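Using the hints provided, position chain R relative to the given structure of chain X.
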Amino acid sequence: MTTRVLVAKVGLDGHDRGIKVVARILRDAGMEVVYTGLFQTPEMVAVAAIQEDVDVVGLSMLSGAHLTLAPLVVAALRERGSDIPVVVGGIVPGNDVEDLTAAGVAAIFGPGASAEEIVTAITTLVPQGH
Amino acid sequence: MTDNPYKTWREAFDAAPTRDADFTTLSGIPLEPVYGPEEGEFPGAYPYTRGIHASMYRSKLWTMRMFAGFGTAVDTNARFREIIAAGGTGLSTAFDMPTLLGLDSDDPMSLGEVGRCGVAIDSLADVRDLFAGIDLSRITTSMTINSPAAVMLALFVAQAEERGVKRSALGGTLQNDILKEYQAQKEFVFPPRQSMRLVRDTMAFTAAEMPKWNSISVSGYHIREAGSTAAEELAFTLANGFAYVELAREAGLTIDDVAPRLSFFFNAHIDFFEEIAKYRAARRVWATWTRGHYGAEDPRSWQLRFHTQTAGVSLTAQQPEVNIARTAIEALAGVLGGTQSLHTNSMDEAIALPTARAARIALRTQQVLAYETNVAHVADPLGGSWFVEELTSEVERQAEEILAEILDKGRGSMLEGCIAGIEENWFQGRIADSAYALEKTFNAGRRIVVGVNAFTEGNEEEDLAILRITNADEKKQVERLAAVRQARHAARVEAALATLKRQAADPTINLMPALIDAAKAEATVGEMMGAMVTVFGRHVEVPSL
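Chains as they are written, first to last, in numbering that gives the first Met the number 0: chain X, 0 to 129; chain R, 0 to 544.
Chain X on its own, in the form it takes in the complex (with noise of 0.2 angstroms):
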């Protein structure tokens, strides 16, 4: 089956080109990808994920907000009885990168991260055969 992406901002960073470039090499790479648009909660994120059944989630954030936004949405899915993965991308400074590992997010992906990497973490995030 072709493993689904929702690629989604939450919180108020309009940023959206890393986003945008991010969904299409996972296009490219034979994924489907939704995305959520800007200025979404956490909540709206999970069960936008929940309603497409989408087999990961793609976080990405500029502004800093990840600490209380990604933590956040890893939540309001487990609330809603999801084991979805949830992965951000962005500006993430290093420290950070155990904080959110510790919140459940499942991988991290910083300035600088190149198109295989990305879609290899992803890939090895779904399950066989799903």
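Because the hints were derived from the structure by calculation, they are not lab data.
Here the structure is a predicted model, which is why all the values come from computation and not from measurement.
Ideal placement from N, C-alpha and C gives every residue a C-beta, glycine not left out.
The reader is advised that the hints may include incorrect statements.
Looking from chain X toward chain R, a few residues come up when the C-beta cut is under 10 angstroms (computed) [to be verified]:
| hint | residue |
| --- | --- |
| 1 | L71 |
| 2 | I90 |
| 3 | G93 |
Just chain R now, kept in the frame of chain X:
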């Protein structure tokens, strides 16, 4: 006046002041202010390819305008003072995301965003603290804000008048370029036409009451950062500039009433010569359109003045010290391209907001260019280079093609063309296409980024010390806002907001006076914006990839 370009230039040059410096090479070779054949083009003369002033940096160096803002107004005020003490000659305020979207710090959507990528401003109390102890008659300030630009201008005027400074004496710049928000930066609140009403009101208000104020900084920077090419950056920006000129006409203002108070803001990306060509082409295209297409008669309307910022997207999180070299090269392009002011990014900005140390090194980079290298001695030093002249013409040709397409979309109106292009996602789609095309060249290894896809030895070294904004800072700001709400005269605030709402519903009224009254009553940014949202509605972008 004479017909000989050299003599005309000489007269203008001789009439201009000269700053106190030795205009020789390091080895003592005397340097002319400009080089070229007597019959050729000179700076200070239409179409200004070589610069807008005859004397360029011999009269005055560019303004070293550093963009800063984080945490609370008190935090940012301290950083402003550090910049000025270190020799910065201008300021530009970076606001946090809630402020940029017209939300108060205690709004549920502001959670985790307060003070993170700029300063949190909720009310007059914060603006007071932001500029405390800064001589605003000596240091000009730019406020990098768009959707709530009219609100921020009202707060700025209220703050100055409280200090006894007349609004007519205020110099500074409001970014106020809403069109590029829909196209690229995506910090929008109201739908495009309602936003344009506020832009019109600020232009009319400043033209009448604030003659030293730059009403709009028409910005290509964000368009380029979002992924456009150099020619797209240039064309989209100038199209937006022309749209504002047309908007002012609708308000009964002529191009010569408003164009001299428009300034521009371009990116300095890593391709050195292409950027210089872009700045030269920008001046030429603006001059020919304002004079030819729009019939401007005041030469100041023809002169494109611009601010430059080095390219945030060119910075790497890997081996961040290397960013100092990138920024220096980009800044040099801005200077050789004749910029009026310059911001240099800090080495740590691919990771976080800059530390005081990183910001100081960025300012020092400008000071090295200004005072050590002698590159400011001669105007347009690359003018006449076969390569740079041809590249200038090519960027101009590409930009003209795009401008013709936008004008066509608007059936002869650049204003309508820009709005149609936004509504059709045309700008957004072109920018995303260009961003992806470039990305593919990096991923294929056809373009090298040092430390990212090549030369990675040293990437494992310890991270730089970075600036951290915590949830404790956010809490401080929320508490401060609660105190403001507690202390103010509630009935006065309500009355001011009711007037604002009533006047917003009548598009013939200029909203600036009502906004200034509300600012003085200590209404918050979120309350003023919220009042207008009830009348104007909100813009929702249709998601497209």
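Against the structure, the hints:
1. Interface hint status for X:L71: upheld, as the beta-carbon distance to the closest one in chain R is roughly 8 angstroms, under 10 angstroms.
2. Checking X:I90 against chain R by beta carbon gives a least distance of about 7 angstroms; that is within 10 angstroms, so the hint holds.
3. Taking 10 angstroms as the C-beta contact cut-off toward chain R, the hint placing X:G93 at the interface holds, the least distance being around 5 angstroms.
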